[in-house]
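Those sequence lines, one after another, are chains A and W.
Sequential numbering of the first sequence, starting at 4, is according to the numbering used here.
Sequential numbering of the second sequence, starting at 13, is according to the numbering used here.
Since the hints were made in silico from the structure, they are not lab data.
Please read all numbers here as calculations on a predicted model, not as lab measurements.
Mixed in with the good hints, there may be bad ones.
In silico lysine-lysine, DSSO-like type, Cα no more than 30 Å apart, as pairs [stated by the list, open to error]:
#1 W:Lys-15 with A:Lys-107
#2 W:Lys-30 with W:Lys-52
#3 W:Lys-120 with W:Lys-84
#4 W:Lys-52 with W:Lys-120
#5 A:Lys-57 with W:Lys-47
#6 A:Lys-107 with W:Lys-52
#7 W:Lys-15 with W:Lys-47
#8 A:Lys-57 with W:Lys-15
#9 W:Lys-84 with W:Lys-15
#10 A:Lys-57 with W:Lys-52
#11 W:Lys-84 with A:Lys-111
#12 A:Lys-111 with W:Lys-63
#13 W:Lys-63 with A:Lys-107
#14 W:Lys-30 with A:Lys-111
#15 W:Lys-52 with W:Lys-84
#16 W:Lys-15 with W:Lys-120
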Amino acid sequence: GQQVQQSPASLVLQEGENAELQCNFSSTATRLQWFYQHPGGRLVSLFYNPSGTKHTGRLTSTTVTNERRSSLHISSSQTTDSGTYFCAIVADSNYQLIWGSGTKLIIKP
Amino acid sequence: NTKITQSPRYLILGRANKSLECEQHLGHNAMYWYKQSAEKPPELMFLYNLKQLIRNETVPSRFIPECPDSSKLLLHISAVDPEDSAVYFCASSQGRSNERLFFGHGTKLSVL
Numbered sequence: 004g005q006q007v008q009q010s011p012a013s014l015v016l017q018e019g020e021n022a023e024l025q026c027n028f029s030s031t032a033t034r035l036q037w038f039y040q041h042p043g044g045r046l047v048s049l050f051y052n053p054s055g056t057k058h059t060g061r062l063t064s065t066t067v068t069n070e071r072r073s074s075l076h077i078s079s080s081q082t083t084d085s086g087t088y089f090c091a092i093v094a095d096s097n098y099q100l101i102w103g104s105g106t107k108l109i110i111k112p
Numbered sequence: 013n014t015k016i017t018q019s020p021r022y023l024i025l026g027r028a029n030k031s032l033e034c035e036q037h038l039g040h041n042a043m044y045w046y047k048q049s050a051e052k053p054p055e056l057m058f059l060y061n062l063k064q065l066i067r068n069e070t071v072p073s074r075f076i077p078e079c080p081d082s083s084k085l086l087l088h089i090s091a092v093d094p095e096d097s098a099v100y101f102c103a104s105s106q107g108r109s110n111e112r113l114f115f116g117h118g119t120k121l122s123v124l
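So here's chain W without its partners, still in its complex pose (with noise of 0.2 Å):
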């Protein structure tokens, strides 16, 4: 499935500023950034529609969301925590009221 292309696929940091991309070519209206840590289930941290963020969870500031257009979505991280290894979904779903939702392949974060 490369409907949803994230980049990168793994990423090893120590407290260093990174972005994590995301692209679909769905032709959806929402997108999300989840993050998944081991053997849970995803935790939503932003949602965008239509490229205006509509929730904003309670994540730690040092994760700046961007929208750019539509198919693109952005997640910047600055100066990671330990406890920020997980791995990163971007989503994509039709509306916003997260109807079946798309995920891409994700991104390992190892924080050293």
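Just chain A, with the same shape it has in the complex (with noise of 0.2 Å):
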């Protein structure tokens, strides 16, 4: 079946710093997603981006599809990124969203 898989599995960094997660796939159709759970448990979608480039705020999500493969840059660290971010693909088969496993990120201050 489909599967998603994340590195670093967790990431320390000093604030100010920039970050780069990484995520590979085993299919091309993707529909892929980014997400942010907060320390305290709160999950939040960052990105829809099955392809392309896209920006919001710090954060840049780049999936390139035919490659497998999606990152999110984060420039300029700040403490309150700290917490754990997914990706996830839509499964061709039934729709089901496949995660990823996280990367922990710790951003000190």
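Using the hints, build the complex out of the two chains.
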């Protein structure tokens, strides 16, 4: 079946550094999404990005569908960026979301 | 974000019956229940599209979903088990293909 792999599993940075999160998937038909989970548990949709590049604030998502990968770039990281970042794709067979295991990001002051 | 509201926020149960509630104010057609255990991604439990249950994952029969109208979703739980301790999220999307999911705050269930 389709799979999603995220790397790194965890990342610790100093405030102000840039973060690069990777997502690789096994299918070219993705309807890929990036989610952010606050340390307190709240889940937020960051990007719906099946292909190309999207920006919002300090966040940039780039999906290269034929290479089966997506990245999430966080520039000038802040402590409030700490949390877990998930990518997910839509399965072709049943439209169910297939989630990666997440990248836990810790930004130190 | 108050566009998807869930209640209660926290729930501590013994072997009791309880219902979780969710309401979305986004005009979406699809609503979902997800279960998230610690340090894991969310797992889909149920999906409703236009009030019709179209995806019923292999969850224990003690979990019964209900969709009284297209903006509301309930999850009835009977005789909970310790393995049910988790956070239960309600989510919605415009269509049933999971495009751009929006989540509620979640209900943290702790089973004694």
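Holds or violated: Lys-111 of chain A to Lys-63 of chain W, with C-alpha atoms at most 30 Å apart: violated, 45 Å
Satisfaction of hint between Lys-47 of chain W and Lys-57 of chain A, Cα-Cα up to 30 Å: holds, 29 Å
Is Lys-57 of chain A within 30 Å of Lys-52 of chain W, Cα to Cα? holds, 26 Å
Between Lys-52 of chain W and Lys-120 of chain W, does the CA-CA distance stay at or below 30 Å? Measuring from Cα to Cα gives roughly 15 Å; hence the hint holds.
Taken at face value, is the distance from the CA of Lys-47 of chain W to the CA of Lys-15 of chain W at most 30 Å? Given that 30 Å is the threshold and the Cα spacing comes to 20 Å, the pair holds.
Is it true that the CA of Lys-84 of chain W sits at most 30 Å from the CA of Lys-111 of chain A? At roughly 40 Å apart (the allowed maximum being 30 Å), Lys-111 of chain A and Lys-84 of chain W break the hint.
Is it true that the CA of Lys-30 of chain W sits at most 30 Å from the CA of Lys-111 of chain A? This hinted pair is violated, its Cα atoms lying about 41 Å apart.
If you draw a straight line from the CA of Lys-57 of chain A to the CA of Lys-15 of chain W, is it 30 Å or shorter? holds, 24 Å
Between Lys-15 of chain W and Lys-120 of chain W, is the straight-line Cα distance small enough, at 30 Å or below? holds, 19 Å
Does Lys-107 of chain A lie within 30 Å of Lys-15 of chain W when you go C-alpha to C-alpha? Satisfied, since the Cα-Cα distance of roughly 27 Å is no more than 30 Å.
Need the status of pair Lys-120 of chain W, Lys-84 of chain W: alpha-carbon distance at most 30 Å? OK: Lys-120 of chain W and Lys-84 of chain W at ~19 Å, within 30 Å.
Given the hinted pair Lys-52 of chain W and Lys-84 of chain W, is their alpha-carbon gap at most 30 Å? Given pair Lys-52 of chain W, Lys-84 of chain W holds - Cα atoms ~26 Å apart, limit 30 Å.
Consistency note: the structure conflicts with the earlier hints numbered 11, 12, 13 and 14.
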